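Trainee: So the protein sequences, as listed, match chains A and B. When you number the first sequence by the numbering used here, it's gap-free, plus one each residue, and the end is 1293. When you number the second sequence by the numbering used here, it's gap-free, plus one each residue, and the end is 153.
Just so you know, the hints here were simulated from the structure itself, not pulled from any lab data. Predicted model, so just to flag it, every value in this text is computed and none were measured. A portion of the hints provided could be inaccurate.
[What the hints assert, rightly or not] Subject to a maximum C-alpha distance of 20 Å in a straight line, what follows is the list of computed DMTMM-like cross-link-like pairs (lysine to aspartate or glutamate):
no. : chain 1 : residue 1 : chain 2 : residue 2
1   : A       : Lys1228   : A       : Glu1269
2   : B       : Lys86     : B       : Glu106
3   : B       : Lys86     : A       : Asp1089
4   : B       : Lys86     : A       : Glu1269
5   : B       : Lys86     : B       : Asp97
[What the hints assert, rightly or not] Okay, the calculated beta carbon distance ranges per label pair:
no. : chain 1 : residue 1 : chain 2 : residue 2 : range
6   : A       : Asp1026   : B       : Leu84     : 37 to 47 Å
7   : B       : Leu84     : A       : Glu1269   : 47 to 57 Å
8   : A       : Ser1113   : B       : Glu85     : 41 to 51 Å
9   : A       : Asp1154   : B       : Pro72     : 36 to 46 Å
10  : A       : Leu1223   : B       : Ser144    : 35 to 45 Å
11  : B       : Leu84     : A       : Arg1205   : 36 to 46 Å
12  : B       : Ala102    : A       : Arg1202   : 29 to 39 Å
13  : B       : Glu133    : A       : Asp1026   : 51 to 61 Å
[Stated by the list, open to error] From the derived model, a few chain B residues whose C-beta atoms are all more than 12 Å from chain A:
no. : residue
14  : Ala41
15  : Pro72
16  : Gly73
17  : Leu74
18  : Pro81
19  : Arg82
20  : Ala83
21  : Leu84
22  : Arg101
23  : Leu105
24  : Glu106
25  : Pro111
26  : Ser120
27  : Glu133
28  : Glu146
C-beta atoms are modelled at their ideal positions from N, C-alpha and C, and glycine is treated no differently.
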Amino acid sequence: MKALNSTLQQWIRIEGMDLVLRLTLLLLLLQPLGNWRVRGIVLAIAAAGLLVPALQRQPALWLSLTFLTAWRLFLEWPVSDNHSYLLCYWCLAIFIALRREDGTSLLAVSSRVLIGLVFAFATLWKLALSPDYLDGTFFRVTLILDDRFEFWTLLLGGMTPDLLESHRAYLSQHVDGVLFQPLEHPAEPASFTRLARAATLWTVAIEGVVAIAFLWPWEKGPAQLRNALLLIFCATTFAFAPVAGFGWLLVILGIAQCAAENHRTRWLYLCVFALILLYRELAPG
Amino acid sequence: MTATRASTHWLAYLPSTLLVAVALSQLVLAHSAALSPWAGGGFGMFSSTDAGARRHLHVFAIRPGLEIEVPPPRALEKLARRARVLPSDVNLRALALEISALPSPDPGAPTSVRIEVWRTRFDPETLIPSSHMLRSLEVSLEGAQ
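Isolated chain A, as found in the complex:
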């Protein structure tokens, strides 16, 4: 624990921009890109950037990463995860910032607006565009069918493995059209209904307030809660949601918009970065 704390203290003392660059390169190593055509080159560039600090601030390195992450999106379009798009925009933002004298403040603006927009679109989908989110259907179905949530469904949803299996069989009935004689709907434990409802409300509420705080144009009001809200979102959501790469990227963007003198908040962001790694390594199943 002491060693971890001293490592974190060393990283906090790194100049803001350098910390962001290092963490982004680390992210590319921890979460290699999916497409084999670009994965090897990106891994080599990220490793070189981490091993040779002089390379980190070379715009050419970030321009290459921007092209490679964009190429990957093109090759896989439209099936890439959403955070792959965010990673591409982020590499572009770093490239632009490194070409400017006021790069640190420019990167802070870029990261703040990117975070705000990501959460704004996520909230828009949940509140207005998706027909089956707000009525709770999404989480009632996902907690059952997505085995990445199985541990939490069993632990917090009051399900036994047998009951979970019968729910899966019920939801997975293959139909083309409408079922005339569906299987009988297995009983839904009250704690499962509560879990699905809580997940529905919490997710849309925290994403909505993060969007407002980061897109708020003034430094007073909701803007003062930016770091606290993003830290809460990352520390809670990625314990359940199995997308560590997205979590790390949000943490890095959070650090980039964090004031240089705000050491405590940077320390907390680094703790959450480590926490997400822990979540991933300890993920049940």
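Given chain A, put chain B in place with the hints provided.
Mentor: Same frame as chain A, but now just chain B:
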């Protein structure tokens, strides 16, 4: 000084302008071309049961008087996944042509291939699943091979 500030601002907003452009086009494609809300850079993940992986497709090899369902082989999973996530004419046609090139146990080559992409909806009360066809495309193979 003002010019520097203005250009700084413009550059700072370039990545987010790209994000908005891609997210808005994803929104349009989701409504006009049945693109899955989870895909395409619109940040609609974890908002809908209509994920690409939850969609299914049926492929039929058609000859005069005969229609046989052909399960897409694992080797074509990448194309099938793309067709499920965005069932556009281009993606469905690409899958149909690859499937038509597969060896068939039946005598005679198909004259066309039809692909249907379905999504599952769940009743908000009982969660009874019901599937709805999103897109269907019949690709004539005459002159294509």
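Trainee: Give me the numbers of the hints this structure contradicts, sorted from smallest to largest.
Mentor: Structure breaks hints 4, 12, 14, 27.
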